[in-house]
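If you read the sequences in order, they're chains R and L.
Everything in the first sequence is counted per the numbering used here, starting at 65 for the first residue and increasing by one.
Everything in the second sequence is counted per the numbering used here, starting at 8 for the first residue and increasing by one.
No wet-lab data here; the hints were simulated from the structure.
Quantities reported herein were computed from a predicted structural model and do not represent experimental measurements.
No residue lacks a Cβ here, since even glycine has one placed at the ideal position from N, Cα and C.
Treat the hints with care, since some could be wrong.
[Claimed, not checked] Some but not every residue of chain L turned toward chain R, in silico, with C-beta under 8 angstroms:
(1) Gly115
(2) Gly118
(3) Phe119
(4) Ile122
(5) Val125
(6) Arg129
(7) Pro130
(8) His134
(9) Ile154
(10) Arg156
(11) Pro187
(12) Thr188
(13) Ala311
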Amino acid sequence: MENSMNKRRVISVIVLNESSVLARVTSLFAARGYNIASLTVAPIPDSEMSHITIETNGSPKVMEQITKQLHKLIPVYKVIEHEEMVEKEMVLVKFPITEHLSDIGALCAAYNGGIANVGKEMIIAMVADDPKRTQHFIEAAQRYNPFEIVRGGVVAIER
Amino acid sequence: MQMSGAQMVCEAIIAEGVKTVFGYPGGAIMHVYDEIYKQEGFEHILNRHEQAAVHAADGYARATGEVGVAMVTSGPGFTNAVTGLATAYMDSIPMVVISGQVPLALIGTDGFQEIDAVGISRPCTKHNFLVRSLEELPRLLKEAFYIARSGRPGPVLIDIPKDITVDIGEFVYPDSVDIPTYKPTYKGNKRQIEKAVEAMKKAKKPLLYIGGGTILSNASDLVRELADKTQIPAVETLMARGVLGAKNPLLLGMLGMHGNYASNMAMSETDLVISLGARFDDRVTGKLSEFAKYADIIHVDIDAANIGKLVDVDYPIVGDITEVLEAMLPLLDGIDTDRFQAWREILKRYDELHPQSYVDSDEVIKPQWAIERIGELVGENAIITSDVGQHQMWAAQHYPFDRPRQWINSGGLGTMGFGFPAAIGAKKAFPDKTVINVTGDGSILMNMQELVTAAEYKIPVINLILNNHFLGMVRQWQTFFYEKRYSETDLTFQPNWKALAEACGGIGYDVTTKEEFDAAIKDAIAQDKVCFMNVAVNRFEDVLPMVPSGGALFNMMLPQKGEK
Chain R
65 MENSMNKRRV
75 ISVIVLNESS
85 VLARVTSLFA
95 ARGYNIASLT
105 VAPIPDSEMS
115 HITIETNGSP
125 KVMEQITKQL
135 HKLIPVYKVI
145 EHEEMVEKEM
155 VLVKFPITEH
165 LSDIGALCAA
175 YNGGIANVGK
185 EMIIAMVADD
195 PKRTQHFIEA
205 AQRYNPFEIV
215 RGGVVAIER
Chain L
8 MQMSGAQMVC
18 EAIIAEGVKT
28 VFGYPGGAIM
38 HVYDEIYKQE
48 GFEHILNRHE
58 QAAVHAADGY
68 ARATGEVGVA
78 MVTSGPGFTN
88 AVTGLATAYM
98 DSIPMVVISG
108 QVPLALIGTD
118 GFQEIDAVGI
128 SRPCTKHNFL
138 VRSLEELPRL
148 LKEAFYIARS
158 GRPGPVLIDI
168 PKDITVDIGE
178 FVYPDSVDIP
188 TYKPTYKGNK
198 RQIEKAVEAM
208 KKAKKPLLYI
218 GGGTILSNAS
228 DLVRELADKT
238 QIPAVETLMA
248 RGVLGAKNPL
258 LLGMLGMHGN
268 YASNMAMSET
278 DLVISLGARF
288 DDRVTGKLSE
298 FAKYADIIHV
308 DIDAANIGKL
318 VDVDYPIVGD
328 ITEVLEAMLP
338 LLDGIDTDRF
348 QAWREILKRY
358 DELHPQSYVD
368 SDEVIKPQWA
378 IERIGELVGE
388 NAIITSDVGQ
398 HQMWAAQHYP
408 FDRPRQWINS
418 GGLGTMGFGF
428 PAAIGAKKAF
438 PDKTVINVTG
448 DGSILMNMQE
458 LVTAAEYKIP
468 VINLILNNHF
478 LGMVRQWQTF
488 FYEKRYSETD
498 LTFQPNWKAL
508 AEACGGIGYD
518 VTTKEEFDAA
528 IKDAIAQDKV
538 CFMNVAVNRF
548 EDVLPMVPSG
558 GALFNMMLPQ
568 KGEK
């Protein structure tokens with residue numbers, strides 16, 4: 065029952081692209097005890113704004129507060145929080161070159177990715193898919209003894 | 008016009024119509040102080056501590072409704088100002104604090120008197136800026152004032168690196184502000200207002216719950232009109248004392264932890280709460296699940312985040328109280344005021360049953376008596392500030408506040424040491440009014456250096472020290488909840504108050520009887536000098552009624568019945 069209350073949510077925040085704006089957003093989360101599961105931020109092309117995507121969780125009441133408190137920040141232009149979002153998350157995984165490369169290649173293909181780089185000692189695979197599927201990929205990749213896994217955090221866009 | 012950054016700061020302050028700036032110089036802000044020396048557009052008051060300077064600007068802002076301005080240097084100058092910023096932030100007070108910063112090239116190098124001012128003040132300002140170039144300085148100054156006073160007001164910090172105050176550039180102070188990401192909502196949603204009015208007409212036991220937002224919005228006259236037109240009974244929060252006026256028959260009193268019986272019972276039994284600029288603070292609500300349990304809630308607030316934060320709201324109205332009430336009042340034409348007659352009678356009965364009372368004494372001065380007495384002696388003409396503790400609650404309970412901005416106290420943050428500098432700010436704004444800081448023997452010492460400020464500038468504020476030789480409020484909790492273990496609250500060791508005041512250029516009074524009390528107040532007003540009035544009061548007097556922290560509002564510890 066707690067699960068449905070503390071549902072995972074993705075919030076998009078459009079902010080003025082000015083110094084310390086990210087600090088304002090993240091310190092708001094810290095100060096009010098909200099959780100950040102993942103965070104991505106990048107400028108919006110041809111504008112003075114940046115797009116921050118925050119993956120968080122909380123009851124509808126907490127989400128309402130997060131949204132309103134974000135709105136109160138002076139450089140925040142817009143806060144988008146609803147369930148109709150197209151979400152993607154990227155992940156990079158470094159495997160030993162001694163693993164079955166064709167298996168890894170097939171695995172990546174199944175998750176909308178491929179081999180990004182091959183070196184003497186290792187190969188680097190890249191996958192970008194729905195966050196849930198990205199998680200599945202990471203689980204499946206475990207059997208090939210990955211050296212390192214770097215997740216990109218969720219990016220989302222309104223449908 | 009070409010000028011230095013420091014001159015721009017002064018020009019902006021003058022352009023904003025500020026008459027008094029409170030502050031304290033230091034290395035990083037010296038160029039600005041050099042320009043202050045040369046200009047004649049505003050007066051500068053040298054407080055003797057940065058915290059006091061910010062509280063003084065805050066008191067000035069609360070008394071006038073204008074933006075208060077304080078100026079401090081970098082590093083410790085700024086960190087001393089933080090309590091002042093936080094105090095203003097919690098009570099939504101419009102203020103601009105200008106701090107010096109080390110030169111741009113030194114930022115991030117742990118330079119002398121360098122501290123990350125915008126980082127530290129982020130959670131306790133409405134907004135803050137680190138100025139990064141001279142070009143943006145005029146615009147940021149304009150925005151700082153605009154942000155401070157618009158929407159839900161609050162303090163804004165503008166941190167200026169020293170080299171920017173030296174550089175010379177073109178100064179054009181902007182006429183207007185356009186921040187695309189900041190558009191406060193002033194007008195309430197028409198449909199929601201209509202629904203709220205329908206609910207008011209249908210209610211049987213409605214209650215006006217009046218908060219400090221009504222003062223910030225200068226909406227007192229409209230609130231009085233609303234009460235008068237609807238004949239709906241009302242309670243005020245600590246921050247709203249004076250909005251309806253003590254003589255208003257519809258005013259039940261203050262509600263909350265130290266609210267009176269009728270107010271707290273009204274909130275517990277009402278079927279419709281009409282919240283105007285109040286924010287359901289824990290000191291008001293007590294146990295949330297029992298708060299206004301039988302009521303629908305209309306919540307008018309300019310800050311959408313306040314609505315639904317703590318209680319579920321049935322009629323949310325985001326907007327400025329003034330604009331919402333202007334839209335609401337015509338819709339209430341012809342409201343049946345007799346409908347609420349039975350409810351008013353119940354509440355009147357409650358008040359008769361347990362009035363706000365205390366047992367007076369001929370042996371010793373009761374603090375409540377002292378408050379009532381100054382109410383009788385100076386009443387309407389006075390501005391009352393306070394520190395934090397028992398004396399604050401007694402003042403809120405017993406002083407006959409007649410108008411908004413007559414009562415100035417740190418409600419949200421509860422800052423001891425606020426009252427004296429705030430009184431200095433209020434007295435600067437209203438030199439013709441008697442300004443009394445109701446304080447305790449604990450709080451007053453937290454900014455007692457302001458004696459020197461007040462003496463130097465001839466700012467005759469009266470510090471009424473209700474002296475029980477205790478940190479009284481903590482002592483009261485220790486009595487009730489800690490089996491009388493008076494851990495670090497006994498203040499038996501005391502300064503010689505009279506000598507202390509005199510040493511700093513003020514005057515002192517030691518008062519132990521009612522006759523001495525009257526004589527001292529009259530003399531203090533006539534003397535026109537800052538004073539410490541050390542009033543020995545009953546040591547173990549408690550603030551009652553009291554709702555124990557986290558308890559339901561209707562479970563009050565009540566005072567013994569007295570003749571008052």
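Against the structure, the hints come out as follows:
no. : hint   : in the structure
1   : Gly115 : violated, 13 angstroms
2   : Gly118 : violated, 19 angstroms
3   : Phe119 : violated, 23 angstroms
4   : Ile122 : violated, 15 angstroms
5   : Val125 : holds, 6 angstroms
6   : Arg129 : holds, 6 angstroms
7   : Pro130 : holds, 5 angstroms
8   : His134 : holds, 4 angstroms
9   : Ile154 : holds, 6 angstroms
10  : Arg156 : violated, 14 angstroms
11  : Pro187 : holds, 7 angstroms
12  : Thr188 : holds, 4 angstroms
13  : Ala311 : holds, 5 angstroms
Taken one by one, the earlier hints fail for this structure at numbers 1, 2, 3, 4 and 10, listed in ascending order.
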